[in-house]
Amino acid sequence: MYRFLRLPILLVGLFMAVSCYAVNDSQPTLTTEDDLGPQVAQPIEFPHYRHAGNRNTVDPTNSDPTKGGMEINCQYCHTYARRSLTAGIPPLQKCIGCHQNIPSVRDKPRIVELFKYWDAKKAVPWKKVHDLPDFVRFTHERHIKRFIEQQGRPVQEVCGYCHGQVKEMVTARRQKPITMGWCVSCHMKEHVVAAKADIPEGGTPIGKQAYWYTFQKPAETKNAAGELTAKGPNDCWLCHK
Amino acid sequence: MIDSGSEKHLAGHPFDRRDFLKVLGWSGTAVALSGCGNTSIEDGKETVVSYVEAKDYVIPGVAVYFNSTCAQCDAGCSISGKVREGRVLKLEGNPDSAINKGKMCGVGQAGVQHHYNPDRVREPLLRNGDKGETITWEKAYALIAEKLAAVKGEEIAFLTGGVSGHQKVLLGNYLDSLGTKNHFVYEAVSPGVVRAANLKAYGVEMPRYRIDKAKVVLSFGADFLGAWVSPVHFSQQYAQFRRGVDGQRGVLIQAESKMTLTGANADRWLAVRPGTEGILALGIINALGTATGDVAELVKGYDKARVSRDTGVEPSNIDKIAALLKLRSPSLVLAGSAAEGYAHGSQNAAAINLLNQVLGNVGKTIEAPVSVPFPQMSPAKGNTAALKTLNDDLAAGKYKVLFNVATNPVFTAPASYKFRDNMARAGFKVAFAHYLDETALQADLVLPLDSAMEDWGTSVPEYLTEGAQINIQQPLMERLHPNTRGLGDIVLALIKQRRADEYKGFDDYYGYLRGAMLQNKGALGGGGSDDDNFWNDTLSRGIVKLAGPSASLNASMATAGLKLPAPVEIDEHYPFQLIPSVTSSLRDGRHTNQPWLQESPDPLTTIVWDSWVEMHPKKATEMGIVEGDIVEVTSKTGSVKAQVYLFPGIYPDAVSIPIGRGHDAMGRYAKGYGVNPFQIMDSVFESATGELAMHETRVNITKTGQRVIVVKDEGPAGGMQMGRKIAARVSTDQVDLSKEV
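Chains A and B supply the protein sequences, listed in that same order.
The first sequence begins at 34 in the working numbering and counts up by one.
The second sequence begins at 69 in the working numbering and counts up by one.
In case anyone wonders, no lab produced these hints; they're calculated from the structure.
Errors might be hidden in some of the hints.
One side of the interface only, derived from the structure: several residues of chain A facing chain B at Cβ under 7 Å [said to hold, decoys possible]:
(1) P71
(2) Y113
(3) R116
(4) S117
(5) L118
(6) I122
(7) L125
(8) K154
(9) A156
(10) W159
(11) K160
(12) N256
Keep in mind the model is a prediction, meaning the values are calculated, not measured.
Glycine included, each C-beta is placed from N, C-alpha and C at the ideal position.
Chain B on its own, in the form it takes in the complex:
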């Protein structure tokens, strides 16, 4: 209480800051007192909606789990969705799957944010000038029929991401009914070059890598813990690898120009001059000294001095790696996106595969893949060459109708493609879309798709692990928005326009899928059980495991045509090599509108919600650049501005900008955050496969004079926290590898 003296004193004076604070204090106390018992209880205001008819297993407050398949990337992890009161709440891994064995990654966890995303397209939209007008599905289908009737089959093109399973079959039949063969399967980030090199070296596009069986893994830029092929599976293999075979803890060596998450976990990380991965591989073969015949002839010129000069790797390191590889067998050598992203990417990958063969790893840590016994369901693998072809065809005016199934090439094609303009040359563009992304905005008709948690489907992942399996995708809950449709349902409705008789028996895609699965019940392991039992069993498992045929590996070494170019001299106008990095959370940018992924810190820089230009501190000091400086990164194609982050894990003559951000559409969590490195990417292509060589862009860095505070989760620079050192740092040349082994 205020005593009378002070009250009098106050009364005679103007109301000052002290009084104000006192009143503030009193009012705070008063509000706190009255707040007791004043809760958010609203008796009689809230409605409790009970079920009309409830299944026996439905108990309010108790979750039920349904098995399905994660659709966030193409790895095909099986998931188990926690569903309560008809709402999917969280996703877990399905332990029965040989791919993810009950585990999940952050991208998969964010799947619920794809489903509940407020920016999903909810109604079919027809272009009316600059606006999209809501129309009915009947009208949309009628419009498509009308447009298709006016064009020839070869004037229709389909652009999709990787597809497999029954959707691929149905889509294939639809394309067939239209009389078109123009199906372009496009993935902005795909191991297209490695697939081609593997086919040459091993006779298969994607063998099974057994990191868990290897005693040494030498990875040339394969970020298998972060974003490469099947990261959840590889992470588990990696754990086994670190636990060790025969009591020997596996040693991981990562050679790349920009440190990836896998590189950060390596025992030895080697900064390689961009594009010289193949030279290093040949140098190691030379240093091993075990090669004979053609191979010995090929690597003759790659002595340590030359390899070291070309790659920037110390000669002593080459010796150590060779010694380690000799000492420990089997080992495993991986070629990743850093090696394949150049005009001579195939050559790089071939040299790396050759190293595997010289080491005798084929058949030991590189195993033959398995495939499903239904070749029509096996995946159509996406690559970037497909988009190049489509783009050229569009520019030539070959197509009058373009269907785009949830890919976003306007965002992921290099600016020099001018894809947006070329797309406009197709008279009628239909986009099957989850979001109004950059590509959907260019369409004339947008058809809203169900989320992966509302849709039916089957899929066969490209990278199968222990045995063949077909993954089942089933709705975890009712549609959130009544007017979205599943891809299968839309294609089924469209194919009925052409082949009504053949498909009249199927009311919806669910019926089609069930029918197709039951037809092959015997082959799917359900012989002898009754239809309903088989179907329910399949759905509850979420996976159909099959004994699939296994291909055989070709172990012969082929050196023909293997020729690596000398490293590129530094161009004075564009002194830096641009490395567009694939981060473990954003990948190719299709999920940028899921705020968890924007929010989860990049594993190496801890930056959130923004792009950055990664620079070597030494180079930055030379140029007078500090962290947070906004720089302009200029290539022959264009320029972007972003904040600088100094990071020693990058080759000094390279800079890196992550892919995935820089959307100018798609939704509230994606639009306007960061920059898109595809906009400054030069159109250089891999010479053997025609894939986009994503690492071939050279750039110049100029300061703009602006500076910002980088929003990141890490502590103050120097790695000290409250005076406590977080991790001991020893530079790689001071590490005695023999002691590590």
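One chain only, chain A, in its complex shape:
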């Protein structure tokens, strides 16, 4: 019987098994290419495009839900993002807060469904679309402070770095790989920081701490566009606490 256990056979079998496994599994990319996740079925088909999408400039009433959105700030509903590690799903109270005052859509199937949950005082069992392994500590707060509050970039753009064009989606779908390599690819980029003149202590962009990690230290001279830049933090422990 041992003749069947020859090394070549074993190795070939092994590689086949591993290749099947590997094909099935998406490998990380080091780019910011879109990497579509599965379309996740949600208990209520929440139309992000209608809430966050651009207004229909042609129609002043903006009444056609297929053409125009409300341009609601992401942070109006995902209010925890700037305060906490997790962006959180807004409490049901938040949805009802507006919708009890919008009788025109009250009898739409999704809204009827929404009010069913509210009347029963039950939470909507949303499914998680963007997930990170338990050993990764990602904080929304820090990124929002850095790019929205400190640099004043548009909210939808900043959220979109990781979440994609949610304002064009119905229910959210993962568009980026959200893997470590992908995170690092952004942390390796040169990001604009405030000039030393703005922060006399020469601190980090957030909190004006007078402390830079060596690799993050902004370049002494400005780049071609006349900006001072630095890389994002790159310590293992920053995410793997």
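Following the hints, complete the assembly by docking chain B onto the known chain A.
Then chain B, alone, in the frame of chain A:
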């Protein structure tokens, strides 16, 4: 890659170990490669449940802290529970409390494991043969009403641990409504004898000890850093004491038969023959030479030679201690569980208190206690004499209904009590329980209690420090199990059966508590503020601080009746004195089912998850015993088998087994680990108070021939680690105390 030559070579040969290792290596690499990017991400599978309505301060991912009170022991430390997403995660000390000032001990930290314990009772259980049948609360209450209707008031008995605050008031009213006065307050480990001796000497049961003000502390077995009275508070006082008063670092001398955690921290540790602590105290009074009158008369016979012979303490040490006590004032002398655990425990404690008085410490380092201005809320203090009385009454068939509120006497009563059998003589036994422990298993009806993190309550600790305070206990989160109830809620439901009219205004215990607190708003410091503000403020603080009346101390020395027996001669059949030690993590064994406490190494031996018999190395060598030998420890009452640990910090004629382990029920982390020294404890009682004399058991040690490896955290024997000495060891007789001072 494997080159073709080796491949050919392999192909012609049977698959051997080398090939196997190669394949193993390749497969490892292959798996590692495919593992990249293969994480535990499960997009779209996990549910994120959002809130329906969220309070403004609730932010997912950001913790909120709620103040409450630790219920792991009776010290009454105030805690602050870290709550995130509706779950309590960790406990911290509340800095506003004068007792623990923001600090906590390991036992307190393990409180979350009490709350999340998988072995908690979750439903009311009614005995059906050997099994417990789940029943509804309505049925349980109806059953109790039915049983109580059939008996007279004096046939009902209540057994509880120490209770205070509104729960004590409500429980008292319930007992009143039943027409019974049989309330037995039982704590397996309590300073009952010291309380009685203090009452005689100072006029109060528990004065305030000011270790922080003392320049010398002489402690007779009081493990105030580990498990005595209010360890977190004393630890802070101790830190201050070591920092020093007037630039003089405090000196700690510990005299005891078995080294405690406090003994291990002492500058000088004296191994005292078990039971002779009082003789040593009188010997020191004699050596001081300052006593006059009755006291001088009393200590006349206690010269150095005799005291040294009786106690085993070198005469030179007695001189040094006396010299030090004379040199530095104020000092503080403490009587702890090692001194009180004998038939003449009161005499020991009285002699030690007398030393305090001779030294003039009363009023300086021994201060008058404060009490809350509501005497009905002050604590009912537990002792062991109560259990003795209950046990005798049960044996005599006096009680037909027995309520047991979360105490575990089947585990903590000496085997000679036969408590289990006597308990069976009560016709109907109700246990309010967190776990199905040894006692709950004997009950006919088990009522599941809320954990301390789910329940409402107020408590007044026995040992108050700076001022009077009422501690608030409030839920840190929702009930984990929907069918547990708070003690207050259960008692309220029961009292409604008797006095419906009086209590119909209260829907639940929360309502009762809020109502009772608001009624006394003015006295509780909330006069002038509106009800809701006062209540919210009280809850957010977790403590109500009060100006309480202070008792006065009696400083007169009383020597009447103070008579110490000569030390016991060695009994050849039972040559060792058994010292059941109270460890800082397990105490009386009520929390043994919290794995952190099983896992945290004993501070002196570093042993985990098991019991041990502590022996002096000299004695062990004489008997040919080495570490890890399983020995049988036999007393007149029974025997247990456990591993030996050799430890020089014990009087050579004594052996010690820690209390707390050896459960045969309670839960997966407690059952079957170690042995229970209560099973071999003789029924000897302290002569003046009737407390169980826990140190009066004499035992014999025999080898069983088995040997195990002791599971402990310390390094190899000898205190060397990688060739580096951990701590310098000097035997006590080589230390020049004058240089230490």
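The hints, checked one at a time:
1. P71: Holds, because the Cβ-Cβ distance from P71 (chain A) to chain B comes to roughly 5 Å (cut-off 7 Å).
2. Y113: Interface hint status for Y113 (chain A): holds (5 Å vs cutoff 7 Å).
3. R116: holds (5 Å)
4. S117: holds (4 Å)
5. L118: holds (4 Å)
6. I122: holds (4 Å)
7. L125: holds (5 Å)
8. K154: holds (5 Å)
9. A156: A156 (chain A) check passes; min Cβ-Cβ to chain B is 5 Å, inside 7 Å.
10. W159: holds (5 Å)
11. K160: holds (5 Å)
12. N256: Violated, about 33 Å.
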